[in-house]
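Visitor: Top line first, the protein sequences correspond to chains A and B. Going by this note's numbering, the first sequence opens with residue 117, and the numbers climb by one from there. Going by this note's numbering, the second sequence opens with residue -1, and the numbers climb by one from there.
The set of hints was computed from the structure by calculation and includes no laboratory data. Keep in mind that the hints are not guaranteed to be accurate.
Claimed, not checked - A few chain A residues that face chain B, going by a derived Cβ cut-off under 7 Å, partial list only:
no.	residue
1	W380
2	R389
3	T461
4	P465
A quick note: this is a predicted structure, and the numbers were derived from the prediction, not measured. For glycine and all other residues, C-beta sits at the position ideal for the given N, C-alpha and C.
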Amino acid sequence: MAGTFLQQTEGRYGALPTWFWKGTKLIATIAVTILGLLLITFFISHVIPVDPVLAVVGDRASQSTYDKMFIEMGLDKPLWQQFFFYVEKVLSGNLGNSFLTKKPVFDDLARAFPATLELATVSILIGTLVGIPLGVLSAVKSGTLTDQIVRVIGLIGYSVPIFWLGLLGLLVFYAKLSWISGPGRIDIEFEYNVTRTTGLLLIDSAMQGQWDAFRNVVSHITLPASLLGYYSLAYISRMTRSFMQTELAQEYIITARVKGVPEWRIIWVHALRNAAVPLVTVIALSYAGLLEGSVLTETVFAWPGLGLYLTNSLQVADMNAVLGGTLLIGVIFIALNLLSDLLYTLLDPRVRRRVGQR
Amino acid sequence: MNPDRLKNAGSKALLTVDDLRIAFPSRHGPVEVVRGVSFALGRERLGIVGESGSGKSQTGRAILGLTPRPGRATARTLDFDGIDLRHATPAAWRSLRGIRISMIMQDPKFSLNPVMTIGRQLIEAARRTSSRAESKDRAMAMLEAVQIHDPYRVFGAYPHELSGGMGQRAMIAMMLITEPDLLIADEPTSALDVTVQIEVLRILDRLVTDRGMGLIFISHDLRLVSSFCDRVLVMYAGRVVEEVKAKDLIRAKHPYTQGLFKCLPLIDGDRAPLPTLQRDADWAL
Chain A
117 MAGTFLQQTE
127 GRYGALPTWF
137 WKGTKLIATI
147 AVTILGLLLI
157 TFFISHVIPV
167 DPVLAVVGDR
177 ASQSTYDKMF
187 IEMGLDKPLW
197 QQFFFYVEKV
207 LSGNLGNSFL
217 TKKPVFDDLA
227 RAFPATLELA
237 TVSILIGTLV
247 GIPLGVLSAV
257 KSGTLTDQIV
267 RVIGLIGYSV
277 PIFWLGLLGL
287 LVFYAKLSWI
297 SGPGRIDIEF
307 EYNVTRTTGL
317 LLIDSAMQGQ
327 WDAFRNVVSH
337 ITLPASLLGY
347 YSLAYISRMT
357 RSFMQTELAQ
367 EYIITARVKG
377 VPEWRIIWVH
387 ALRNAAVPLV
397 TVIALSYAGL
407 LEGSVLTETV
417 FAWPGLGLYL
427 TNSLQVADMN
437 AVLGGTLLIG
447 VIFIALNLLS
457 DLLYTLLDPR
467 VRRRVGQR
Chain B
-1 MNPDRLKNAG
9 SKALLTVDDL
19 RIAFPSRHGP
29 VEVVRGVSFA
39 LGRERLGIVG
49 ESGSGKSQTG
59 RAILGLTPRP
69 GRATARTLDF
79 DGIDLRHATP
89 AAWRSLRGIR
99 ISMIMQDPKF
109 SLNPVMTIGR
119 QLIEAARRTS
129 SRAESKDRAM
139 AMLEAVQIHD
149 PYRVFGAYPH
159 ELSGGMGQRA
169 MIAMMLITEP
179 DLLIADEPTS
189 ALDVTVQIEV
199 LRILDRLVTD
209 RGMGLIFISH
219 DLRLVSSFCD
229 RVLVMYAGRV
239 VEEVKAKDLI
249 RAKHPYTQGL
259 FKCLPLIDGD
269 RAPLPTLQRD
279 ADWAL
């Protein structure tokens, strides 16, 4: 099989190796997707009722200043040319200046995104590491009291507003019990001790051996990450339950039973390994959702992340910031989609071959 | 094969089934799909034939304690080599399944784990009786025994990379690798092409004969069963309606069996129109 496949590609593409074509195709796909994304943000920037010239010159500028800026910004050029300039600008990392912070949007995002990335990553880890075992448990014990309890736990996580749980958590664990630190990412006394290399404070403080700061970061992130983790856990455990039930009803499970494979191995190796394939998509999508920045959580916990930044920008119609953020979220989605495709091919040998044949 | 494993080799039946009943709950009360099946099996080849829903597959699964929930299997006697299977604990079942009783499933497309290589699945079975070091050699030897000519490729292949015939050979290898005393083959060839069917059956036949194991061959194919087995049970609506020696099957008395025979195509003649089976409500009683 492998032999015939190689012959085919050689015949079709000449001497260049397969990985070259696969790589080219991948890059082309990404390029087209990002171009489409840029088209959408460009379109939005032209239909919103915010005058980009006024945003720059201010509403007390004279007509001549306004006209000069209008031409300087290229707004007199045809649309396609404007789009071309826009793409060129974005690709060189220029997203314009923020109206609100007076700084380049790119720098603002570079500061806000790591905060969200850190929170989202810890949250999705909690959601996955707790959600999958709970889902497996409730699939195996389906219909029993255990299943019902897991269902209720999940339902609460999914339906109780996160800001309410957040406030309640702060009240109990921060204000009353003092088990954790309050809002923010890190206490002010540590803030300037940690040099920001990655922007992920857990990693930065650990790399610099500042364990006091590290503990402080942990105690800040625990509650918001648990809440977001709980929220994604609810979804992940429900999906795990349903995928596991499908797999446990398959013939190969009976084969394993006939072979006398122990029950734990049937569940955790045979069935879960197959259920993991669709689960990858579920987890990737949950993660993408968290990476957009959870507005409510970031507001309640004064978390200086993407969600908070975008909300603040939206409230004052800071279009450069909003569009820059939208672009970033789009790129995150594309990246996570690619990542989950990659994991798919690693987890499912049937997909591996299909991809190879193309 | 090591017959000394058997307590009463030869003198006593390997498997005794008496009044096996399998019921599934339904809205209108329990529905019995197997209604009092009895037979005894030595180291011989027993065929069970019947149409879909006649209870033949469920009979096979009940012997392995794998009646799907919420179904329940009960019997007056269900005895495997002196072990009462009716009250077997999960641990007892595990010590029987795979090691002393195993089953070849119908369609390798569904019965092999799609994300595990054939090699890993074979080793998983072999590990029941062999050490880790021996398992791989055994797996390779077994793949050769089922006449796979490139065992290395098949060992590292995933199920979807094999043809149906190859997959079913791998299945046979996996189920015989521990040299069980009793093998249940549940329609082992009905998912295969006719030409491949004969090859696979020949391999199965040889291995079963060489190792002297008991075989329960479940099929809907009368002719296949009569050429492959010593004795045949004909099942209809959850009951054994007839038990005959395979070579006498053509002289079967039960009208259902006769009816089935009349539907087989003739080599020197035309059977048109094909006679339809005239079902009699009495058969199901």
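Visitor: It remains to establish, for every hint, whether it holds in the given structure.
Guide: Taking the hints in turn, this is what the structure says about them:
1. W380: Not OK, violated: W380 (chain A) not within 7 Å of chain B, min 12 Å.
2. R389: 5 Å, holds
3. T461: 12 Å, violated
4. P465: 4 Å, holds
In the structure shown, a violation is registered for the earlier hints numbered 1 and 3, in ascending order.
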